[in-house]
Structures are given as C-alpha cells and as structure tokens.
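Asks: Sequence:
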Amino acid sequence: YAQCRSSCAPGPHADDGNGNWTCKELGPRSYGVSTKGFPSLYCFAVMRTYGYEVGLTRAQAERGVGIFACDDHSLLTADGEITIAGTRSIRFNGAPVGRSVDNTA
Numbered sequence: 192y193a194q195c196r197s198s199c200a201p202g203p204h205a206d207d208g209n210g211n212w213t214c215k216e217l218g219p220r221s222y223g224v225s226t227k228g229f230p231s232l233y234c235f236a237v238m239r240t241y242g243y244e245v246g247l248t249r250a251q252a253e254r255g256v257g258i259f260a261c262d263d264h265s266l267l268t269a270d271g272e273i274t275i276a277g278t279r280s281i282r283f284n285g286a287p288v289g290r291s292v293d294n295t296a
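Following our numbering, the numbering of the sequence shown begins with 192 at its first residue and continues without gaps.
In case anyone wonders, no lab produced these hints; they're calculated from the structure. Any given hint could turn out to be false.
Unchecked claim - Label-pair ranges, simulated between beta-carbon atoms:
id, residue 1, residue 2, range
1, Ala-260, Thr-240, 19 to 25 Å
2, Glu-244, Glu-216, 20 to 26 Å
3, Ala-205, Thr-274, 46 to 52 Å
The beta carbon of each residue, even a glycine, is placed where N, CA and C say it ideally should be.
Work the whole structure out from these sequences, hints included.
Replies: In structure tokens:
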C-alpha cells in the first residue's frame with residue numbers, strides 16, 4: 192500500500208491500517224506533470240489535419256479549454272502533421288476503415 196504525499200510524519204496514520212510509517216524514501220521524488228493541481232491530468236485528442244477539427248482545436252487552444260486545460264497534452268493525427276498553439280501533432284498509422292456486417296457503420 193502506498194500513497195503520494197507532499198510530506199510524511201513517522202508513526203501510525205488514521206487512513207492506513209498497516210502499522211507505523213518510517214518515512215524512509217523508497218525511490219526518487221517526482222511530482223510528474225502536475226502543474227495545475229493534484230492529481231495531474233494528461234489529455235490527448237485524435238484529430239484530422241483538415242476540416243472543422245482544426246478550427247475547433249485552435250479555438251480550444253486560444254481559450255485554454257479542452258485538452259489545453261490539462262497538465263500536459265498531445266495531439267494525435269493519422270493523416271499528416273500539424274502544429275496548433277505550439278503543440279506539434281504525433282503522427283500514427285491509422286487503422287483501415289471498413290463496413291460493419293449490417294452496413295450501419
């Protein structure tokens with residue numbers, strides 16, 4: 192059992208039934224990407240590099256909302272690369288698109 196805390200007081204803790212804490216550091220200290228609060232939130236968006244999604248994503252970036260309100264974020268694209276508000280997209284190999292057996296998708 193482990194909890195991330197900003198500090199440690201040796202001895203028993205009310206929220207832990209495992210006995211006394213020694214506060215011995217067991218690994219390197221890190222706060223990750225938590226820059227806007229705790230816990231940190233990593234967000235991503237999968238988008239096309241053309242069409243309405245570009246304008247929508249730019250508007251979100253200008254307002255600091257959507258994925259741009261998270262501690263860190265990535266843009267993922269399968270059809271090219273684009274940079275929005277200083278964030279360069281990460282290109283991935285898209286999956287083939289087919290049709291469902293009943294032709295509804």
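Asks: None of the hints should be skipped; say for each whether it holds.
Replies: Going through the hints against the structure:
1. Ala-260 - Thr-240: 19 to 25 Å: holds, 22 Å
2. Glu-244 - Glu-216: 20 to 26 Å: violated, 45 Å
3. Ala-205 - Thr-274: 46 to 52 Å: holds, 49 Å
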